[in-house]
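**Student:** Work the whole structure out from these sequences, hints included.
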Amino acid sequence: MTALTRIHTRRLRDVYRSAGWPFLDAVEVDLLAAGLLERRDHPGHETLRLTDAGLKVLSESLQRNRAALNTHEALVERTAQEMARAGRIVWRGLSLRARVDEQWIIAKPDVFSVRHTTVEAYLFPIVHEVKVSRADLLGELRRPHKGQAYRQMAGECWFVLGCDAKGLPIAEADEIPLEFGAMLWRNNAFEVLRPAPRLETTLPFATWMTLARATPAELPLDEAQVLLGDELSLRT
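If you count by our numbering, then the sequence shown holds residues 1 to 236, one letter each, in order.
It is possible that some hints are incorrect.
What the hints assert, rightly or not - Beta-carbon label-pair distances, calculated as ranges:
(1) 40 with 74: 37 to 47 Å
(2) 201 with 17: 40 to 50 Å
(3) 175 with 100: 17 to 27 Å
(4) 116 with 56: 44 to 54 Å
(5) 138 with 67: 16 to 26 Å
(6) 49 with 117: 55 to 65 Å
Said to hold, decoys possible - As a list, the in silico DSBU-like pairs of lysine-lysine whose alpha-carbon atoms are at most 35 Å apart:
(7) 108 with 166
(8) 108 with 56
(9) 108 with 146
(10) 166 with 146
(11) 56 with 166
Calculated from the structure, these hints are not laboratory results. All C-beta atoms in this analysis are idealised placements derived from N, C-alpha and C, irrespective of residue type, glycine included.
**Tutor:** Laid out in structure tokens, this is it:
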């Protein structure tokens, strides 16, 4: 039996969502041979439907995707909190425009932060892109225009890497392009694998407008209370 890949599970999802029209390709042959799809005859045409085994495979795939998403969101939240603890203003899930190779693209950094300052030259924006799946990381590295967009809007760009189910890093520092820093989340702590190179950058007006419309991330209430207490004690 052919080992199932993401292409196979994606096809199962496509067939489940559609009217079951056959694709007549190698992926379909694999799924039919594995008993995950079955043919259904109709007057004048044939359709496909998922078998019980196919539904089980699709359900397991969705559960894995949800678990990966939850892991990703948790690490995004931890990264944002770490930047906030460092005194930075932090946003998550922004959609920022950048011009790359004579065309505009939308970049969506997981974490974007600037220094808490009244001097524009001291803002020093930083982008953190979080990856908890090796496949997701490799997919992003095959799209260099995203990295180019990040470097236009930030003085430092970082990849924050998680660990796999065995507790091993999903990538080594030398697999990350030199234009990025590499940070690892392991054993409930961040490790800097390689510092990010610093760039001179200014925030475009369009980015300012996006930040003005967005709501910064906040520290958990208990930590925010501690920081407020420290600030008040310094004033007295």
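**Student:** Does residue 166 sit within 35 Å of residue 56, going by the straight-line distance between their CA atoms?
**Tutor:** holds, 25 Å
**Student:** Given the hint that residue 108 pairs with residue 146, test it: the Cα-Cα distance must not exceed 35 Å.
**Tutor:** Holds, because 9 Å separates the two Cα atoms, which is no more than 35 Å.
**Student:** Going straight from one Cα to the other, do residue 108 and residue 56 come out at no more than 35 Å?
**Tutor:** Answer holds: residue 108 to residue 56 is near 33 Å, not above 35 Å.
**Student:** When you take the CB atoms of residue 49 and residue 117, is the distance between them in 55 to 65 Å?
**Tutor:** holds, 60 Å
**Student:** Hinted pair, alpha-carbon criterion (35 Å max): residue 166, residue 146. Please report holds or violated.
**Tutor:** Distance of about 29 Å is within 35 Å: holds.
**Student:** Residue 40 and residue 74, beta-carbon distance inside 37 to 47 Å?
**Tutor:** Holds, since residue 40 and residue 74 (Cβ atoms, about 42 Å apart) stay within the stated range.
**Student:** In this structure, is the beta-carbon distance linking residue 138 and residue 67 contained in 16 to 26 Å?
**Tutor:** holds, 19 Å
**Student:** Against the range 40 to 50 Å, how does the distance between the Cβ atoms of residue 201 and residue 17 compare: consistent or not?
**Tutor:** holds, 42 Å
**Student:** Please check whether residue 116 and residue 56 have a Cβ separation lying inside 44 to 54 Å.
**Tutor:** holds, 51 Å
**Student:** Taken at face value, is the distance from the CA of residue 166 to the CA of residue 108 at most 35 Å?
**Tutor:** At roughly 29 Å apart (the allowed maximum being 35 Å), residue 166 and residue 108 satisfy the hint.
**Student:** Does the Cβ distance between residue 175 and residue 100 fall inside 17 to 27 Å?
**Tutor:** Cβ of residue 175 to Cβ of residue 100: about 23 Å, so the range 17 to 27 Å holds.
The earlier numbered hints are all upheld by this structure, with none contradicted.
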